[in-house]
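Asks: Can you build the whole structure from these sequences, using the hints too?
Chains as they are written, first to last, in this note's numbering: chain B, 155 to 305; chain A, 1221 to 1424.
The set of hints was computed from the structure by calculation and includes no laboratory data.
A few of these clues could be false.
Unchecked claim - Covered stretches of chain B (chain A as the covering partner; in silico rule of three or more C-beta atoms under 8 Å from a C-beta of chain A):
id, segment
1, 181-193
2, 202-216
3, 273-283
Every residue, glycine too, gets a C-beta built ideally from N, C-alpha and C.
Residue-level listing of the chains:
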Amino acid sequence: MVTTEQVWAALEEIPDPEIPVVSLVDLGVIRSVDVSEGHVHVEFTPTFLGCPALEFMKRAIEDKVPGVNVEVIQDDSWSTDKITAAGREKLRAAGFAPPAPRLVQIQAQVHRCPYCGSTDTKLENIFGPTPCRSLRYCESCRQPFEQFKTI
Amino acid sequence: MNELLLGLADDELVIGWRDSEWTGIAPLLEEDVAFSSIAQNEIGHARAVYERLTDDADALAFDRPLDEYRCAPLVELRLLDWGRTIARRWLYEVADEIRITALMEDPDVGGLAAKINREEAYHRMHAEMWRERLRDEPRFRDAVTELWPYALGVVLPAQREELAARVGLDEVEAVERGLHTDDFAPLWDEMTMVRRSAPVGSQW
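Replies: Right, here's the structure in full:
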């Protein structure tokens, strides 16, 4: 019989469809995994409500964990603070500035370049290639980069 | 409550549709991207709210006769002028913040409202940035004055005093939701065309 740990490990292998360097677990969108009497129940929280990858992620979970019941929770329980430390590091390594923690973002408004680490960056566009990203430009290394929005 | 949620969802669907009309033709490339993203978010919010009201969000969104839509006339208007478009975006976001914040107190939909509110924060930043840029332009000021009675119709009567204070205009008679503008019929026709023309029994 499948265990909770095995389900988490399987979910760890599902890449985010839009930013495949991070898994659904790294992204923090798996709120809970419950295994009882052979039934697997996964609570899944969307990142952005209009994200076209939602259905794709739900189906990927269903393909990976046979017989799973995926419950989509549309409340306020996900924020970018749920992205794990490992997930943030993977984002940075791939050239995406990870979202600042909400408190830091509100107080400091500092955005660091994922390439050179400089904070001398400016906002080019609040919106980017997907709803969860903004476009910024680093004045120090003259590199445009994508900033994961803090929500 | 359901009537209120249906009005909110219809507003988000229709403004999302109107915003998406700038995809490809906005005056700046950045605004192509911005309006497309905002439209995508708004339609996502519409879907999430429809799902609270029904098991088939697409059917609720697109299978109703025109007179059963509960959207505010503000979102229906077909605006071809950039200044008027920005005036609507700004007025809509100010009004939307007031009603979404009020809904965050609700035990049933408070969580969803809070999630929507997190995303709307970026729409507000965008709208405020443009408002700052255009606020002294006569065309923009005229558009705000023209659209102001429509903006009042987005929120409940009890919320209009707060809206007036935030916008900095005096309360006037609101253009209420319930009746549709002439601009809505062609939009309804376009929005619902695919589902209306699909053969019976089509799977989506």
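Asks: With reference to the structure, classify each hint as holding or not holding.
Replies: To see whether the hints hold, each was checked on the structure:
no.	hint	in the structure
1	181-193	violated (count 0)
2	202-216	holds (count 5)
3	273-283	holds (count 6)
In summary, the structure is inconsistent with hint 1 from the numbered list given earlier, while agreeing with all the others.
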